[in-house]
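Please take these sequences and the hints and turn them into a complete structure.
If you read the sequences in order, they're chains A and B. The opening residue of the first sequence carries number 0 in numbering that gives the first Met the number 0; numbering runs sequentially from there. The opening residue of the second sequence carries number 0 in numbering that gives the first Met the number 0; numbering runs sequentially from there.
To be clear, the hints were calculated from the coordinates, so they are not data collected in a lab. Keep in mind the model is a prediction, meaning the values are calculated, not measured. Mixed in with the good hints there might be a few duds.
Said to hold, decoys possible - Derived coverage of chain A by chain B (criterion: at least 3 residues anywhere in the stretch with Cβ under 8 Å from a Cβ of chain B; other residues may be distant):
| id | stretch |
| --- | --- |
| 1 | 109–116 |
| 2 | 270–282 |
Unchecked claim - Counterexamples of contact, computed for chain B against chain A with all Cβ distances above 10 Å:
| id | residue |
| --- | --- |
| 3 | R147 |
| 4 | D158 |
| 5 | P286 |
For each residue, glycine too, the CB sits at the ideal point set by N, CA and C.
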Amino acid sequence: MSGEVLLQATVQGLQMGAIYALIALSMTLIFSVGGLLNFAHGDFMALAMYGALALYQSFALDAYAAAPLLFFGFFLLGFLMFRRLVQPVLAAGVLAGAQLTLGLVFVQENFLLMVFGGDYLSVPTVLSNKNLVIPPLTMPWPLLVGSLLAVVLAAILYVVLMRTDFGRQVRAITQNSDAAALMGIRIDRIQAIAFGIGIGLLGLTGAIIVAQFTLTPAMGLDFTLIALIVMVIGGLGSFAGSMIAGAIIGVSESLGSLLYGGTVGAMIPYAILVLVLLFRPHGLMGEH
Amino acid sequence: MRETRFLSSAALPWIAFLAVALAPLVMSSSWTNMAILTLLFIHLCIAWNLVGGIAGQFCIGHSLFLAAGAYTTTLLSLHLGISPWIGMFAGAALAAIIGVFIAWLSFRYELPPLSFALVTIALAMLGYLAISSIDFLGASRGLTLPVRGTPAMYQFRSDTTYYVVILIQVIVALALSMWLYHTKIGLYLRAVRDNERAAHAIGVPVLKYKMLAMAISAALTAFGGTFYAQYLQYVEPHTFAGINIVIQIILLTVVGGTGTVWGPVVGPLLLVPAGEWLRHSLGGSLPGVHLLVFGVLLVVVIRFAPDGLIGAFGRARQAWHFRRGTVKVATR
Numbered sequence: 000m001s002g003e004v005l006l007q008a009t010v011q012g013l014q015m016g017a018i019y020a021l022i023a024l025s026m027t028l029i030f031s032v033g034g035l036l037n038f039a040h041g042d043f044m045a046l047a048m049y050g051a052l053a054l055y056q057s058f059a060l061d062a063y064a065a066a067p068l069l070f071f072g073f074f075l076l077g078f079l080m081f082r083r084l085v086q087p088v089l090a091a092g093v094l095a096g097a098q099l100t101l102g103l104v105f106v107q108e109n110f111l112l113m114v115f116g117g118d119y120l121s122v123p124t125v126l127s128n129k130n131l132v133i134p135p136l137t138m139p140w141p142l143l144v145g146s147l148l149a150v151v152l153a154a155i156l157y158v159v160l161m162r163t164d165f166g167r168q169v170r171a172i173t174q175n176s177d178a179a180a181l182m183g184i185r186i187d188r189i190q191a192i193a194f195g196i197g198i199g200l201l202g203l204t205g206a207i208i209v210a211q212f213t214l215t216p217a218m219g220l221d222f223t224l225i226a227l228i229v230m231v232i233g234g235l236g237s238f239a240g241s242m243i244a245g246a247i248i249g250v251s252e253s254l255g256s257l258l259y260g261g262t263v264g265a266m267i268p269y270a271i272l273v274l275v276l277l278f279r280p281h282g283l284m285g286e287h
Numbered sequence: 000m001r002e003t004r005f006l007s008s009a010a011l012p013w014i015a016f017l018a019v020a021l022a023p024l025v026m027s028s029s030w031t032n033m034a035i036l037t038l039l040f041i042h043l044c045i046a047w048n049l050v051g052g053i054a055g056q057f058c059i060g061h062s063l064f065l066a067a068g069a070y071t072t073t074l075l076s077l078h079l080g081i082s083p084w085i086g087m088f089a090g091a092a093l094a095a096i097i098g099v100f101i102a103w104l105s106f107r108y109e110l111p112p113l114s115f116a117l118v119t120i121a122l123a124m125l126g127y128l129a130i131s132s133i134d135f136l137g138a139s140r141g142l143t144l145p146v147r148g149t150p151a152m153y154q155f156r157s158d159t160t161y162y163v164v165i166l167i168q169v170i171v172a173l174a175l176s177m178w179l180y181h182t183k184i185g186l187y188l189r190a191v192r193d194n195e196r197a198a199h200a201i202g203v204p205v206l207k208y209k210m211l212a213m214a215i216s217a218a219l220t221a222f223g224g225t226f227y228a229q230y231l232q233y234v235e236p237h238t239f240a241g242i243n244i245v246i247q248i249i250l251l252t253v254v255g256g257t258g259t260v261w262g263p264v265v266g267p268l269l270l271v272p273a274g275e276w277l278r279h280s281l282g283g284s285l286p287g288v289h290l291l292v293f294g295v296l297l298v299v300v301i302r303f304a305p306d307g308l309i310g311a312f313g314r315a316r317q318a319w320h321f322r323r324g325t326v327k328v329a330t331r
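Here's what the structure looks like:
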């Protein structure tokens, strides 16, 4: 095994890691304002990817151009869905909320199966099948652009949470929702907006990484699990933690499949999660 | 208190259960198939409900126990010629050991809420990936059971016999679950579910009872796995170790009502036949459409009755009594 191959795999792992971190951050945003563990998270992103496919097929719209459209569309979808569906169930407890999202997994997977069929599909974009070669590295453009955009979006999300009124309200609810309510923060509204932004981000993420993936209706669950793993390993609500955890998972997955084959590579993130939960239950960077 | 009064006053669930349970004895074979599937899910839901409902620990790892039951018996029968009737106890024991180990690993510390769900889902995925890559376990192709064709080897000519077997299993599981619910064990488990700190403070050995619940639930699930493997005559990872079947078990239980005795019976009793009917009437038209309708149905029930149909039924009964002026004091 030459050093160049290892370097190649490491860089690719880091790029995947940035994308994983962004997916995990939108999951964290949703989790932090209401305690909702969204098992349908990856399925929303799969929905966005198929949305990009549909837009390409109907209007020849490139996925990168469709990204803002998908962001707003998914923001609305998330906002309305939270108001009409999630909030009333969440009122009965976080467990009921998690169970509802399991039901949504079922619905979305089969919706995609019904509309697009079970075959493997891909979405051609301006960047598809193009590589950036910086010897000794060969980087696929879709992955490079996707990961850079993921870092930028994560930075924007960070600034929004730290510097705007909306962000301060979100953090207040995360720390103590009763006190936040007493201070006049309309919790249900902030929750709905945060859910909308989380789902909207998934619409955006799905569009900017769609060129890198082959689409199948059941792909969402894998993304959900990776996002859960990154979120928990990073420590709930920790930005730096999620970025680091994303990098760890991306690199170990990529090196694992290179050195020991795809199945072992796929097992490594779960093994890391189990170990972290057992020995550092609050994550690498979480508060105790 | 509410539950006991509800149970003693309502023979309705029993009648519905027995009607569906006995129907296949006089009906055609496609009905028998559906009844077997329904009873199998009732069995699995009752088993999951012991941990996920009565003890309130959201476990997503039950595919491991299902696989333990299915694969252990298959391997023992394939390589050593041991009858699945004996093998199923080995499978159940293995599942119980795995269950106790997971519970011990996860509950030694006070983990943040819902992290049990994450540990178990991660372990389930690990198990699934391992089974689908190990050649001895048939990898992703699966294993076919040897045809021996004798009842002594858990193989029957007619589906009606399989049906009787799973019916007996369900009755045993239901009796066990009812008994557990009302004994000290069930009381302790429910105390843990409702307020773990308080339960610990008054001297409930929390860890021990969680481990016990996992052991019983895992062993019951493994018996279900054995039956399913014998009925299908093959095992493969997607059906027996995939996350999807756990999600189905959880959703069916939730629709019935988690943490109640009858919830895991009512959920599959209504929804498995409904799902099969949808498959027959819609399945040919578009792929996935019957599952989509089924999923929407589940979501709608969870939306309007987060505590399940049993809870909704109880509330409707109370409202009815209230209107008739024969109101009984709600205890919760």
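Hints versus structure:
1. 109–116: Holds: 6 residues of the stretch 109–116 of chain A have a Cβ under 8 Å from chain B.
2. 270–282: Held - the stretch 270–282 of chain A has 7 residues with a Cβ nearer than 8 Å to chain B, which meets the minimum of three.
3. R147: At roughly 33 Å from the nearest Cβ of chain A, R147(B) sits farther out than 10 Å, so the non-interface label holds.
4. D158: holds (28 Å)
5. P286: The assertion about P286(B) is violated, with a minimum of 6 Å to chain A.
Hint 5 alone, counting from the list given before, is not met by this structure.
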